Structure formats: structure tokens, C-alpha cells
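J.: Chains as they are written, first to last, in my numbering: chain A, 1 to 227; chain B, 1 to 227.
Take the hints with a grain of salt, since some may be wrong.
Derived CB-CB ranges, DEER-like [stated by the list, open to error]:
1. S45/A / E184/B: 42 to 52 Å
2. S204/A / E68/B: 43 to 53 Å
3. R128/A / R128/B: 28 to 38 Å
4. E184/B / A155/A: 30 to 40 Å
Some chain A residues near chain B, calculated using beta-carbon distances under 10 Å [stated by the list, open to error]:
5. D11
6. I30
7. C33
8. T37
9. G41
10. K49
11. Y78
Just a sample of chain A residues kept apart from chain B, beta carbon distances all over 12 Å, derived [said to hold, decoys possible]:
12. R35
13. E38
14. A47
15. T64
16. E72
17. R85
18. Y94
19. P97
20. E120
21. R128
22. T134
23. D140
24. E143
25. I153
26. A183
27. A193
Source of the hints: derived by calculation from the structure; they are not laboratory data.
Quick caveat, the model's predicted, so the values are computed rather than measured.
We put the beta carbon where it would ideally sit given N, CA and C, even for glycine.
2 protein chains.
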Amino acid sequence: MVASVAPDLSDPHYRAAIVDLLGAIGYGEISACERLTEDAGRAPSLADKLELLQLANAQFAQVTPILEGLRELGADPYEAMAPFRVPIDTFHEYTAPADWWESLVKAYVGDNLVRDFYREFAVHLDPRTRSLITSTLVEDRSEFIVDRVRAGIRADHLIAGRLALWGRRIMGEALTQTQHVAAERDTLSEVLAGDVIGTLDLASIADIFGRITQRHIERMGQLGLEH
Amino acid sequence: MVASVAPDLSDPHYRAAIVDLLGAIGYGEISACERLTEDAGRAPSLADKLELLQLANAQFAQVTPILEGLRELGADPYEAMAPFRVPIDTFHEYTAPADWWESLVKAYVGDNLVRDFYREFAVHLDPRTRSLITSTLVEDRSEFIVDRVRAGIRADHLIAGRLALWGRRIMGEALTQTQHVAAERDTLSEVLAGDVIGTLDLASIADIFGRITQRHIERMGQLGLEH
Numbered sequence: 001m002v003a004s005v006a007p008d009l010s011d012p013h014y015r016a017a018i019v020d021l022l023g024a025i026g027y028g029e030i031s032a033c034e035r036l037t038e039d040a041g042r043a044p045s046l047a048d049k050l051e052l053l054q055l056a057n058a059q060f061a062q063v064t065p066i067l068e069g070l071r072e073l074g075a076d077p078y079e080a081m082a083p084f085r086v087p088i089d090t091f092h093e094y095t096a097p098a099d100w101w102e103s104l105v106k107a108y109v110g111d112n113l114v115r116d117f118y119r120e121f122a123v124h125l126d127p128r129t130r131s132l133i134t135s136t137l138v139e140d141r142s143e144f145i146v147d148r149v150r151a152g153i154r155a156d157h158l159i160a161g162r163l164a165l166w167g168r169r170i171m172g173e174a175l176t177q178t179q180h181v182a183a184e185r186d187t188l189s190e191v192l193a194g195d196v197i198g199t200l201d202l203a204s205i206a207d208i209f210g211r212i213t214q215r216h217i218e219r220m221g222q223l224g225l226e227h
Numbered sequence: 001m002v003a004s005v006a007p008d009l010s011d012p013h014y015r016a017a018i019v020d021l022l023g024a025i026g027y028g029e030i031s032a033c034e035r036l037t038e039d040a041g042r043a044p045s046l047a048d049k050l051e052l053l054q055l056a057n058a059q060f061a062q063v064t065p066i067l068e069g070l071r072e073l074g075a076d077p078y079e080a081m082a083p084f085r086v087p088i089d090t091f092h093e094y095t096a097p098a099d100w101w102e103s104l105v106k107a108y109v110g111d112n113l114v115r116d117f118y119r120e121f122a123v124h125l126d127p128r129t130r131s132l133i134t135s136t137l138v139e140d141r142s143e144f145i146v147d148r149v150r151a152g153i154r155a156d157h158l159i160a161g162r163l164a165l166w167g168r169r170i171m172g173e174a175l176t177q178t179q180h181v182a183a184e185r186d187t188l189s190e191v192l193a194g195d196v197i198g199t200l201d202l203a204s205i206a207d208i209f210g211r212i213t214q215r216h217i218e219r220m221g222q223l224g225l226e227h
């Protein structure tokens with residue numbers, strides 16, 4: 001396999017990796033919609049419930065373009081998503097919020113962390129896939145979450161320490177599951193870490209993770225939490 | 001209170017009833033979205049899960065116009081919805097599906113039953129409210145549910161009897177909670193049963209319930225179930 005400097009969807013190896021990538025994104029969005037709706041059940045008010053349901057629905061609205069993208073590549077979207085059910089469900093199982101505050105922090109830092117991750121890699125993909133990914137994974141900086149968490153901390157300083165640890169745990173679990181996926185999905189990791197990222201040097205890869213971490217820290221800061 | 005032959009939103013009594021009605025519809029849609037998403041967690045396949053999530057999201061998409069309608073009437077949407085949380089949550093608690101089949105039947109006959117109910121009354125309301133209600137509460141005859149339930153019955157005839165009883169229970173609980181709401185929300189029931197429906201004779205009211213029941217029976221029949 002020769003490294004593709006200009007990734008091309010007509011290359012079956014590259015194409016298979018993109019099917020994997022879109023499958024992961026698609027199931028991730030479906031799963032996020034389900035979890036956010038479940039979290040909405042813990043909302044202290046109807047207004048808060050509605051805010052979280054709106055985030056859930058915004059996630060779900062992105063599923064259709066991803067599934068269409070998969071079909072355009074000749075893939076069965078359900079088969080493409082299937083390999084990612086276990087790692088993504090496991091991520092959610094290990095980061096199941098214990099209360100409303102943890103739900104809010106997860107919705108803010110977890111979902112945006114995932115978006116950052118995909119968008120950083122999308123930059124190095126073919127234009128069509130890049131455009132599909134960047135248009136569906138728009139960062140959501142929900143002001144209502146910032147307002148609620150900051151007010152919560154003002155009312156009870158003790159939650160800040162707990163939620164700071166919670167944010168670290170979300171990042172840790174996201175990295176753990178990403179490593180599992182990388183270990184199990186050879187073609188995907190070969191293409192992302194080899195063919196595509198192989199055209200980048202190690203310093204560039206370090207930069208990618210540096211930027212993802214930096215944005216995570218910024219979001220934690222916006223919530224009034226230390227990383 | 002004089003019976004309004006032409007219901008008018010500038011009449012505070014009528015307006016209060018419409019605020020109640022839209023509050024009930026709004027909370028009903030939010031609640032349906034949450035329950036359908038919960039039910040999607042029981043789907044036997046990812047494709048089925050997605051179908052149910054699509055229904056959930058279609059319900060949620062109707063929430064915003066209803067809340068805007070409430071704001072245009074000068075009402076706080078959350079206050080307007082609050083009185084309907086208990087009856088609607090109770091309805092869902094008493095009709096919590098025990099398995100995937102019950103989820104499907106509830107999504108098909110329960111949600112459309114509710115839509116029929118509101119639409120029948122909407123005919124007698126002012127044009128603006130009527131148009132808002134009829135445009136948001138579009139009957140959904142999801143072919144996928146019909147396919148799944150019919151296939152389920154072919155594979156196991158025993159579920160038909162159980163699901164037929166389940167359909168009756170959903171209708172029964174819907175009527176019970178409607179009666180509770182009617183008993184507790186004086187203005188709403190006065191306007192619907194007095195000012196508005198008062199301009200109709202008893203035979204017309206019987207016709208309304210006859211049509212709602214008839215459509216319920218038709219939907220049960222489409223699923224291959226006796227009423």
C-alpha cells in the first residue's frame with residue numbers, strides 16, 4: 001500500500017477506511033442523541049429538559065447526511081456502523097452521568113471533544129469526505145450549559161472539584177475507546193495513521209492532539225472547571 | 001360566559017383555554033419524543049432503532065411551533081405545559097411497553113390516537129389555532145411499524161392476542177387521563193365542551209368520538225390486530 005498524498009475514494013483501501021470512519025461518526029451521533037435524551041429525563045425544569053432535547057435532536061439531524069454519504073460510497077450504513085456499537089456503547093456506559101451536573105458537563109465537553117477529534121483528521125481526507133464531516137460536526141457551545149454549570153458552582157463550590165475530575169474521566173475514556181477502535185479496525189488506523197497521517201511528521205500528529213487537548217481545557221475553563 | 005359561535009383569541013376566557021390546549025399538546029410532544037427514544041433502546045436492530053428515533057425526532061420538530069404559538073398568545077410556554085406533566089407522565093407510566101412489540105403498537109396507535117383527538121377539536125377552534133394544530137399534528141402511518149408487527153404476528157400468532165389487548169389498554173388509559181384533565185382544567189373543558197362544542201349538538205359530539213374510535217380500529221386492523 002502506497003501512501004496517498006491526495007487521498008482518493010476510488011482507492012478501495014482508502015474507501016474502506018472512510019466507510020469505517022463515517023460508520024463510527026454515524027453511530028456516535030445516534031448514540032449521543034439517545035444518551036442526551038436519557039439525560040434530559042434528569043433535568044430539574046421543563047426549560048432545561050427542552051434545552052437538552054434540542055441538543056439531542058441537533059445530533060440526530062446529522063445522522064441522515066452521514067448515512068447518505070455511506071450509501072453514496074456503496075456501503076450498507078447499518079453494516080458500517082455495527083463495529084462501533086460496542087466501543088461507543090462502552091464509552092457511554094463508563095461515562096454514565098450520575099446526576100444533572102455530570103450530564104451537562106458530558107454534553108458540553110464530551111460531544112465537542114469527539115467533534116474536534118473527527119474534524120482534525122477530516123482536514124487530511126479527500127475534499128468530499130472532509131466537507132461532509134466538517135459540515136455535520138459543527139461545534140456546539142451551548143450557552144445554556146455554561147450558564148447552568150457556572151450557577152451551580154456559585155451555589156455549591158464543592159461540585160467544581162467533582163466535575164473537574166468528571167471532565168478528565170470523559171477525556172480518558174474517549175482516548176481509551178479510540179485506542180480500542182484503532183487496534184481493532186486495521187484499515188481505518190492504517191489509513192488515518194499511515195497513508196494520510198503518514199504524510200505528516202510526528203510533530204504534526206502531536207500538534208493535532210495538542211489542539212484537541214487545548215480546546216478541551218478551554219471548554220472546561222468556560223464551565224468554570226480546572227482540567 | 002356567552003357561547004362563542006366564532007371563537008376569538010381576544011376573548012380572555014377562550015384564550016386561556018387555548019393556552020391550556022397548546023400546553024397539553026406541547027408537553028405531549030416532548031414526552032412522546034422522550035418515550036420513543038427510550039423505546040428505541042429496545043430495538044432489535046440498528047435499522048429499527050433509527051426508524052423509531054426518526055419518529056421521536058419528528059415529534060420533537062413539532063414542539064417549537066407550539067411553543068412559539070404559546071409565546072404569541074403572551075403565555076410562558078413552560079407554565080402552560082406544567083399542568084399537563086402529571087397526567088401525560090401518568091399515561092406513559094401506565095402504558096410503559098414491556099417489549100419491542102408493545103413499543104411499536106404504542107408508537108402507531110397511541111400517538112395517532114392523540115393526534116386524532118386534538119385534530120377533531122381543532123376543527124371547531126379559531127382559524128389560527130386550528131391551522132397551528134392541524135399542521136403540527138400530522139398523522140404518521142409508519143409503514144415500517146406495520147411491516148414489523150405483521151411479520152411478528154406471522155412468526156408467532158400468540159403475540160396478536162396480547163397486542164390487541166395492549167391497544168385497548170392504550171385507548172383506555174388515554175381516555176382516563178383525558179377525563180382527569182377535563183375535570184381539573186375548568187376553563188379548557190368549559191371552552192371545549194361548552195363554548196365551542198356547545199355550538200354542536202350531542203349527536204355531533206358522539207360523531208367525534210365515533211370517528212376517533214373508528215380510526216383507532218382501522219389502525220389496529222392495519223397492524224393485523226383486532227380491537
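J.: A separate judgement is required for each hint: does it hold in the structure or not?
T.: Hint-by-hint comparison with the structure:
no. : hint                        : result
1   : S45/A / E184/B: 42 to 52 Å  : 21 Å, violated
2   : S204/A / E68/B: 43 to 53 Å  : 48 Å, holds
3   : R128/A / R128/B: 28 to 38 Å : 45 Å, violated
4   : E184/B / A155/A: 30 to 40 Å : 34 Å, holds
5   : D11                         : 27 Å, violated
6   : I30                         : 7 Å, holds
7   : C33                         : 6 Å, holds
8   : T37                         : 4 Å, holds
9   : G41                         : 6 Å, holds
10  : K49                         : 7 Å, holds
11  : Y78                         : 5 Å, holds
12  : R35                         : 10 Å, violated
13  : E38                         : 7 Å, violated
14  : A47                         : 5 Å, violated
15  : T64                         : 9 Å, violated
16  : E72                         : 18 Å, holds
17  : R85                         : 7 Å, violated
18  : Y94                         : 18 Å, holds
19  : P97                         : 16 Å, holds
20  : E120                        : 27 Å, holds
21  : R128                        : 23 Å, holds
22  : T134                        : 23 Å, holds
23  : D140                        : 16 Å, holds
24  : E143                        : 18 Å, holds
25  : I153                        : 24 Å, holds
26  : A183                        : 23 Å, holds
27  : A193                        : 27 Å, holds
Violation of the numbered hints given earlier is confined to hints 1, 3, 5, 12, 13, 14, 15, 17; the remaining hints are satisfied by the structure.
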